[in-house]
Every structure is written in C-alpha cells, then in structure tokens.
Amino acid sequence: MFDRYLKTVVGGEYLNLEEAYLTARMLLHESIPEVKAAAFLSALRTRKETAAELSGFVQALYEEAITIDSDLELIDTCGTGGDGLGTFNISTAAALVTASCGVPVAKHGNRAVTGNVGSADVLEALGVNIQLTPDEAREMLDKAGITFLFAPNYHPILKQLGPLRRGMGVATIFNFLGPLLNPCPLAYQVMGIADASLQEAIGQTLLQLGRKRALVVCAQNGMDEISPIGTTRVFDAGMQQQQTYNIDPTSLGIAPFGLEAIRGGNKESNARIIGEVLQGMPGPHRQVVILNAAAALVAAERAADIEDGMLIAAEAIDSGKSQATLQAMISYSRDKVIPC
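Numbering-wise, our numbering puts 20 at position 20 of the sequence shown, and it's gapless, one number per residue.
It is worth saying that the hints were derived from the structure and are not from the lab.
Do not rely on the hints blindly, as some may be mistaken.
Straight-line C-alpha distance at most 25 angstroms; calculated DMTMM-like pairs for lysine to aspartate or glutamate [stated by the list, open to error]: (1) K336 / E64; (2) K212 / E276; (3) K321 / E124; (4) K36 / E63; (5) K336 / E301; (6) K336 / E19; (7) K212 / D71; (8) K143 / E301; (9) K159 / E136; (10) K36 / D71; (11) K7 / E34; (12) K159 / E124; (13) K7 / E18; (14) K48 / D71; (15) K48 / E276; (16) K212 / E13; (17) K48 / D69; (18) K336 / E73; (19) K321 / E200; (20) K48 / D3; (21) K336 / D69; (22) K48 / E18; (23) K36 / E13; (24) K143 / E73; (25) K36 / E19; (26) K212 / E301; (27) K159 / E18; (28) K336 / D142; (29) K159 / D142; (30) K212 / D308; (31) K212 / E307; (32) K143 / D71; (33) K143 / E34; (34) K36 / E73; (35) K321 / D236; (36) K321 / E276; (37) K212 / E124; (38) K48 / E73.
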C-alpha cells in the first residue's frame, strides 16, 4: 500500500485526504524502510503539499496526541523553520510581547531540528522550565497569560521519526505540521513559512482546524517571519473572507538594514538578544519583534492594523509588561508561583 502512494507522489500526482491520512498512519506505525520514507517525504516536498495532504497528516497525528482543553481564545506565533537564514528566535520573542498585551498565548515548540536554536532551547536558556505536565501548562496559561507546550510531551509518537528527519537535514511536511498541531484549541494564529507556494493551502488547513483568523506569512527574502527587510506576503485567512497582501516595512517607518543585523547564534546569545529586547533596548532586534507581535495582535483582532499593533507592542515592552511576562513564565515553571 505504501509503495502505491510513494509512486503516486513521485509521479507528481496528489493524495486525497484519506490517502494522506493512511500514509501518515503507515509512517507512524509500520516499519517503512527509511529510504522509502525519505523518498516519499522528499517527493511530497518537491511537488508541494496540498491542503488535503496536510489535513490528512494532521488528522493522523492528532489521533495520537495529548491535548489540553481551554475556554480562552488562544493564539500561537510560530515559524516552520528551514529558511536557513539563521535569525534569532523572533516568533518566541513576539509571543512573549503578544501575551503581555493581553492576548493569551499557547506557545507550541520544540528543540532545533533543521535550524540552530528552537523555541524550547531559547526559553530554557532564558530560565524557563519547559518540562511541565499538561495540567501545569494549563495552569500557567491561566495565571501568566502564556504557556509553553514542549512538542515531544504532546506528540511522543513523532520521536521515532526524529532520526529520519535529522538524517534528511531538510524541511519536510513535518516542519509544516508542527505549527498546525498545537495541543490547545487555538482561535488565532500567525504562522511563518519559507515557501510562499504553500500559504493558501496552510491557511485553508488552519481554518479547517477551527481558527477564527490566521495570518500565514512568507517574506520575499525567504524568512519564515514578517521581515523588516523587504516585503512580506501575507495570506490572511478569516472565517468570512480570505485575502492576500504585502507588508512593506519601509512604509511602517522601519529603516532598511542588512539581514546580519538580526542573525542569532547559539541558544545563550539568542536568549541574550530576547532579554535585551524585552528590557527596551532599541535597534533591529526590537523592530523585528515589534513587527511580528503586531501581526499577532492584528490576527487576534486586538489591533486595527500593523501600525496600530506596533504601537501597542512597543508600549508593552517600554512599560515593562513584556519583561514581567517572561518573569512570570520563569517563576511559575520553576516554583509554581507568579511574582507580584
């Protein structure tokens, strides 16, 4: 059966939702030879995944997942990784700022797979204990307005695919699935991808998962975030309408600078960068975090537009709210208390 689906995708044809679901189940539960699994994933990535294929894989993985209930209207900010540009953990910093603006954030993430530093790595370096039980994670969400959901704790079945993904060393459908598989029911999402051809397919998948509004972003320079350098294409998927538009940072008052100005390093240097941003240090790091937090505020319908969102995000940083949000995460995750 797997061989038939392998021939389908290698031949450039498409799987329907049920076929994609069955293929995912076989990859998870059957001893598919690594060479065939890698060939399938590579062929799928080369000819681009469809919304039906993404949805089929998501369905299969959610059947195996540990999930958390919440009555809050939650958001997640995340990139798929795989852009190869080496920027610091922008979406993680933006999540902290977004939460400090009063939008509850369920940050789903992992250690680095195809990049240098994952959200789990940098939060750990900042002092957050990422190994929370689901009950503790939900309580932190209620008390701090943000939580971190360490992906391996909620999707343990994916561990068996880790060696295959690391061995391939390139983005696969699983890079796109991670941000789609938040253990909490999300109302809103900002998802960065490095492949503009998948924006609409991912946007439609997010709507099928129950998002009220989702922004799927891809920068002209390949960043899987909203870039402060050049334009970023946005697929804005809402329950009532979908539209595509560009964000031009120069029209928002961001002066041009080189990509090296927002590159990161190891987890300690990335944690230092985020700490400096939350402490109010000016410069390119602050600008890109504010820009991406603004998009989250727009998605969550807390800001009228990106410019309005940037003002709200800047105020949260400069008032100390964003730094306090990080401290609340650290304190609760370690001692189960929130600082006064």
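Verification of the supplied hints:
1. As the CA atoms of K336 and E64 are separated by approximately 29 angstroms, the hinted pair breaks the 25 angstroms bound.
2. With a C-alpha separation of about 33 angstroms, the suggested pairing of K212 with E276 is violated against the 25 angstroms cut-off.
3. A hinted pair counts as satisfied when its Cα atoms are at most 25 angstroms apart, and K321 with E124 qualifies at roughly 20 angstroms.
4. Of the supplied pair hints, the one linking K36 and E63 holds, its CA atoms being roughly 24 angstroms apart against a limit of 25 angstroms.
5. The straight-line distance between the Cα atoms of K336 and E301 is roughly 31 angstroms, outside the 25 angstroms bound, and the hint therefore fails.
6. Of the supplied pair hints, the one linking K336 and E19 is violated, its CA atoms being roughly 45 angstroms apart against a limit of 25 angstroms.
7. Of the supplied pair hints, the one linking K212 and D71 holds, its CA atoms being roughly 14 angstroms apart against a limit of 25 angstroms.
8. This hinted pair checks out: K143 and E301 have alpha carbons roughly 22 angstroms apart, not beyond 25 angstroms.
9. Annotation: proposed proximity of K159 to E136 holds, straight-line Cα distance about 22 angstroms (limit 25 angstroms).
10. This hinted pair does not check out: K36 and D71 have alpha carbons roughly 42 angstroms apart, beyond 25 angstroms.
11. Our distance criterion of 25 angstroms between C-alpha atoms is met by K7 and E34, whose separation comes to about 16 angstroms.
12. The straight-line distance between the Cα atoms of K159 and E124 is roughly 20 angstroms, inside the 25 angstroms bound, and the hint therefore holds.
13. Distance check on the hinted pair: K7 and E18 sit about 17 angstroms apart at the alpha-carbon level, within 25 angstroms; holds.
14. Simply put, K48 and D71 have alpha-carbon atoms about 35 angstroms apart, too far for the 25 angstroms limit, and the pair is violated.
15. At roughly 38 angstroms between alpha-carbon atoms, K48 and E276 are farther apart than 25 angstroms, so this suggested pair is violated.
16. A distance of roughly 31 angstroms separates the Cα atoms of K212 and E13; the hinted pair therefore is violated under the 25 angstroms criterion.
17. Between K48 and D69 the alpha-carbon distance is near 32 angstroms, which puts this suggested pair outside the 25 angstroms criterion.
18. Using a Cα cut-off of 25 angstroms, the hinted pair K336 and E73 holds, with the two alpha carbons roughly 23 angstroms apart.
19. A distance of roughly 35 angstroms separates the Cα atoms of K321 and E200; the hinted pair therefore is violated under the 25 angstroms criterion.
20. Of the supplied pair hints, the one linking K48 and D3 holds, its CA atoms being roughly 19 angstroms apart against a limit of 25 angstroms.
21. Taken as a hint, the K336 and D69 pair is honoured in the structure, with Cα atoms around 20 angstroms apart against an allowance of 25 angstroms.
22. With a C-alpha separation of about 18 angstroms, the suggested pairing of K48 with E18 holds against the 25 angstroms cut-off.
23. For the proposed pair K36 and E13, the alpha carbon gap of about 17 angstroms is at most 25 angstroms, so the pair holds.
24. The straight-line distance between the Cα atoms of K143 and E73 is roughly 15 angstroms, inside the 25 angstroms bound, and the hint therefore holds.
25. With a CA separation close to 17 angstroms, the supplied pair K36 and E19 stays within the 25 angstroms bound.
26. Taken as a hint, the K212 and E301 pair is honoured in the structure, with Cα atoms around 10 angstroms apart against an allowance of 25 angstroms.
27. With a C-alpha separation of about 24 angstroms, the suggested pair K159 and E18 falls inside the 25 angstroms cut-off, and the hint holds.
28. As the CA atoms of K336 and D142 are separated by approximately 12 angstroms, the hinted pair is consistent with the 25 angstroms bound.
29. Simply put, K159 and D142 have alpha-carbon atoms about 29 angstroms apart, too far for the 25 angstroms limit, and the pair is violated.
30. Annotation: proposed proximity of K212 to D308 holds, straight-line Cα distance about 20 angstroms (limit 25 angstroms).
31. Simply put, K212 and E307 have alpha-carbon atoms about 22 angstroms apart, close enough for the 25 angstroms limit, and the pair holds.
32. Between K143 and D71 the alpha-carbon distance is near 14 angstroms, which keeps this suggested pair within the 25 angstroms criterion.
33. A C-alpha spacing of about 44 angstroms is found between K143 and E34, which places the hinted pair above 25 angstroms, so the restraint is violated.
34. In summary, the hint linking K36 to E73 is not supported, as the alpha carbons are separated by about 41 angstroms, beyond the 25 angstroms threshold.
35. Distance restraint check for K321 and D236: the Cα-Cα separation of roughly 28 angstroms exceeds the 25 angstroms cut-off, and the hinted pair is therefore not satisfied.
36. The hinted pair formed by K321 and E276 meets the criterion: a straight-line CA distance of about 14 angstroms does not exceed 25 angstroms.
37. Taking the CA atoms of K212 and E124, the gap is about 31 angstroms. The hint is violated against a cut of 25 angstroms.
38. A hinted pair counts as satisfied when its Cα atoms are at most 25 angstroms apart, and K48 with E73 does not qualify at roughly 31 angstroms.
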